[in-house]
Structure formats: structure tokens, C-alpha cells
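Here the protein sequences come in this chain order: A and B.
Mapping of the first sequence onto the numbering used here: position 64 corresponds to residue 64, and the numbering continues sequentially without gaps.
So the numbering used here is basically just the index in the second sequence, starting at one, shifted up by 1000.
These aren't lab readings, by the way, just hints derived from the structure by calculation.
It is possible that some hints are incorrect.
When the alpha-carbon atoms are kept at most 27 angstroms apart in a straight line, the in silico DSSO-like pairs for lysine-lysine are as follows [what the hints assert, rightly or not]: (1) A/K331 with B/K1183; (2) B/K1252 with A/K381; (3) A/K74 with B/K1252; (4) B/K1183 with A/K64; (5) A/K74 with A/K60; (6) A/K381 with A/K331; (7) A/K64 with A/K74.
Note that the structure is a prediction, hence the values are computed from the model and not measured.
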Amino acid sequence: MNDPVWLMLIKGVAVFVVLVLLVLFTIWYERRVVAVMQVRPGPNRNGPFGLLQSLADGLKLAFKEDLMPRTADKVLFIAAPLIAVTCAFTAFAVIPMGPEVSVFGQETALQLADFEVSVLVILACSALGVYGIVLAGWSSGSAYSLLGALRAAAQVISYEIALGLAVLAVFFQSQLMSTGAIVEAQAEGVPLQFGGFELTLPGWYFLILAPSFVIFVIAMIGETNRAPFDLPEAESELVAGFGTEYSSLKYASFFLAEYVNMVTMSALCVTLFLGGWAAPFPNSWWPGANEGWMPLVWFFGKVLAFLFLYVWLRGTLPRLRYDQFMRLGWKVLVPLSLVWIMVLAAINLGVVAEETSVRIAFIGGALIAIVALIFFWPSRKPYEPPTEPDTGLGGFPVPPLDLVVPPSPRGLTEIDHGGNGTAAVGAADDGTGGREREPFSGNQASPRGKEE
Amino acid sequence: MIVDLAQSVGTGETVAFWILAPLALGGAIGLVLARSAIHAALMLALTMMCLAVFYIMQSAPFLGFVQIMVYTGAIMMLFLFVLMLFGRDSKDSMFETLRGQRFFAICLGIGLAALLASGLAHAVTGLTIAAGPPTVEGAGGESNVAAIAENLFTTYIFPFEVMSGVLTVAAVGALMFAHVARKGEARNQRQASRERFAPGNYPGPLPGPGVFATSDSTATPALLPDGTVEQQSLSEYVPPRQLTAAEAAPKKTEGRDER
């Protein structure tokens, strides 16, 4: 990674441009995909397929009035969107997008920066990016913003642990912490032998580390504040959460940061678990697929697939309640990750062990731990239907269980002529005897009456 | 001695040092001087981040990024979480509860600074610049992370385990303090429903306060269709009183002069 300065500048600008274009594309993509899922056209007016819609929206946002609440903490109110955007863009610098290529006669990897612990850069940036959200909420001086900020702080601390433990499994398996090296480590397949039948599985970690992959994907959606985990800006509860008081370019910055974070987290997931820029088929099919500029196609294809997953989840899942969300993080993802890390360590120790007995002890112990986890996983008590129907208290206004659906008003006259209608109405009346007693008159619930 | 050492570092490191060192010091001083707790916490975060960059500059990238992730990202975030609950306008009280506190604090502070400075001066005499970070043969070649791991899990395994034990005890202790036992049995859905529909209790939600163009206060009663006050919309905790003419008048919106 010893590029001349001009090449680093070109790469830096290229990363910035790619991210901004991807954000513009993702906003349009999200709106179109959600529209297709909801059987409506979506934005289709500006440009081909409505592709310029997000550009138009962005321009419009920039020209809106920039408001600052009187109670705002001025410095932090301006600094918060800057922090969010800076951290979001910085993280993408260590994502490898392709192998060595030749740029103006200079051999270089398609990656802005790489060093021994470059995965940690992304985790550190996402940890710092939350400062933007939290400070935005606090400095706005409004209750909704503050609640959004509190939620963001709690959410990120909780889900960062699960995310870190999932990444730890990759560190365990590859014994590397550099993004470029992890991608190269996944290039080698895992040979399997079933009695003479040989099969080479791809070395991508989502197969070997399947539990970590699932945990990572869940935690990364929590970490990027996206539906169904978008509690810091839950519009049905907190107006716009941390962004309630923001407008114009400052609001656009948060929007930009959120989408850049989505792209970065998708790219990190692709890098760690899905072989990075490697082609999604065996090397023998197309020997040149992993050389030159071609890997850019595979890389961005995989990233777009993850962005589709984000949109898909948003289009299908309702937002979690806050306690459900915290329970998922602390009581499911973190313990699962911890047990899985121990199992993985035991299996890795068992595989390299010299003696057969040690090997059996480690691997067997790991398998027993897995079985015990599945067996003793706390499950909900199954619902027992009551043996006799609930008759309720006296005057308990429950609809009768043998309630007959009242006839449609449109068909009423016809039924009356036939004489069936009276029978149906009579049956319904029999069940609702309690209703006629009028159990509640309106007067008793006055504030004074409640104390008595 | 130190001057010689300082002259032997590279240009890039020198430039970074002279940018970051004032920032780190400014953060430390700002932490003490800031009146708002959140500002103090942010100043501390700034100092921590500068220290992290110093680590990275001195060929300890793992240490630097872990410092950012753990201290700045997690621990300071927890601090902020607690501080934000205090309310925005809470400021440090400058009222002295102990007589002469400020004078003794300054004396002791100067004494501590002198002690630290002399200790530091002793420690840095005879220092030389290492050729590079300590490395150990790891999976991906010579690795600094592997060297840290080897030290941590061989030489310093006992302090490491003691620290983890102490932290676990602290966390469990905090949970014990914060835990509040539930009073009585948990009500299930049937009991809750029965209580709600029991005779004498109004099962529906109470009517909301009245919202008019002139007032959106929770103390405003809702009006029934015939214009009388809906009694249930009155809060039991807000005492009824007559508004003065000034209070009842429409409030001005900020920033615009009305007429």
C-alpha cells in the first residue's frame, strides 16, 4: 500500500463520488422497490425510470429554510451532522473493492487504505458516527429529539457488542484483521470428501461461520438505525426522533450519513462473509473473472443485494417495540454469539490438535454445547385453551361466542321477505342479553368518583 | 536528552504532534472548565481520541483503534447517556460547601502536578527510540496484534483475569443496586380486563384535553357538543382557577411581530 500521493487523491475522490452516487441510487432504489412491493409505481417522472428523483429531492432539500431552535446548543447543533457525515464517509476507505489493477502504469489495489487492523477502522467509525446522532438529539433542546438520542445511544451500545462478537468469529477463523487479507483468505475453497466423492465448498465465511453471519446481519441493521430497528427516529412515536429540529442541508447530512452507513455496512458484510470482490462462482468457470476491473461488478452486485435486503426488511417488517428490541440484542444475540465463539474456538483447537483423544474431546465438547443450547433454549409456555368458556363477571360485556354475523343491510329486505332474517336476528338477540342492561352509565367515571 | 529524541522523529509525526497535542491539552483543560456536564464529557472524548491517534502514530494501531471503540465509542457514550438524563440546563453549582475548598484544591493540584512531572522526568531519562513496534510471528506474518496477545495471555494473564473479575463484580453489583423487585403478582390479561370492566370503572380511555386555537395546554378542558365542560377531561392534579385576561390572550409566535 505505498501509492504515490496523486493516486491516493484520485482514490479518495473516487470513493467519495462512488458513495454519493450510490446514495442517490439507493434512495431511488428503495422507493422503487418498496413501491413494487406495495403494488404502486413509485417515482417514475424525473429522468429515465425516475432515476433523477433523488437528485431533485436533494436539491430541493438544500434550498429549504435552515432553522435553528432558540433552545439549541449552537455549536453542537451544527457539529452533529458534520460528525455523522465525516464518520460515515471515512469508514468506507478501508473496504477492498478489487484486486491489483494498473492505473496510469501504477500497480495498485482497488482500496484507499489497508493496514494490519483495518476492520477496526470501520467499527471505530460507526461507534463515533453515533456521536452525531446523540449530540443532534441532545443539542436540539426538544423532548422528542432527546428521546431519540437516548434510544440511539442505548441501541448502539447494545448492538455493537453483538456486531463485534460476530466480527470476532471472522478474526478467529482467518487470524487476520485486515480487510484485504480477509478477502484473500476467503479465496481458498474448503475441500470436503464423502467416501471418494470430492466437493470443494467456497471458502466464504458465511458458510463456515453461518451463525456469525446471521448475527452480523441483524446487528448491522440495528447499528445503522434502519427499519425494523429504526427506533431513534420512529416517526410514529417520536416525530422524527433525533432529527426533529433539523431542516435543510443539516437534515440532508443525516440522510446522507444514514445511507452511506447502509452502503458501508453492506460492504463490510460482503468483505467479511461473502468473499469481498471474488466472483460468485468457481474460478474454473471463467478464469479471468477475478482479475483486472471485473471484480468491481461482483463487489457492487453483492452490495446491491444487501441494499435490497435492507429495503426488503423495511417493506415487510413492522418496527419492533423498544423492549422487544433490547431483549433481542441482550438476551438472544449476545449470549448466542458468546456460546458460538466458544464452540468455534473449541473446534479450531480440536482440528489442530495432535492427539486423537484431545481432538475428540474438543470437537465433541463443542457439539455437546450446541446440542445443549438447542435443548435448553428457553421457550415460551404453549397456550393452553381453557377447559370451560369464560363466562365473565356479572355484566361483563363480552360478545357471545355463538354470535351470528348480522345480515348485510343491502340484503335485508330480501331476507325479510324470505323470512330467514328474523330467525338470524333473533338468534343474535338471545346471546346479547347482558347488553340491554346498560351496565355503564356515563356519570360514574368523573375524577372525584374514581377516588371513592 | 528529550530534545535529541524529539529531533529524531520524522516530519509527518512532528506535524501531527503539534496539531494534536494542543487539541489534547485543550480538551483536558476544557473538561475542567466546562460548565455543562455534556460539554465536559465531549472534551474528555476529544482528549481520548487525540491519545488514540498518538498510539496509532507510534505504530500501535490496534491499541489506538481499540481506544476509540471502547473508550470513546462505548464508555463515553454511556457517560453521555446518563448525563443527557440530567436535563440540558443543569450547570455546575459554583457554591462552595466546604470552607477553603478551592484553596486546598489548588494547593493539592499543584502538588500532584509537581509529583507527576518529576515522575515523568525520571521515567523519560535514558529513553531511546525503538526500531519498530514489537512483533511476533502470527498467522499473517509478523504481527503487532499477536505480540499484544502473547503478552496479555502469558505475562499479564493474572492482572488481566483479576481486572475482568473486578469488572464483572462491579457490573453485578450495579445490577443489584438498580434491581427493584416487582410488588405483588404480575397481572395477566384476564385480570387486567376484569378490573377494567368492573362495575364503577369507565372502560374507555378518558377524553383528551381540549385543543383550541388559543391554547393547547393539558389544563384546558374539553367541551361537550352543548358547550359545557366535560368533567372527565379535567386532570385531578391541576387545580381549577380563573385565568387573567393576559393569560387567556393568544400567545405570540416567536420571530415575527404581530402587526
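>> Of all the hints numbered above, which does this structure not satisfy? Sort the numbers upward.
In response: Numbers 2, 4 - these are the hints that the structure violates, sorted from lowest upward.
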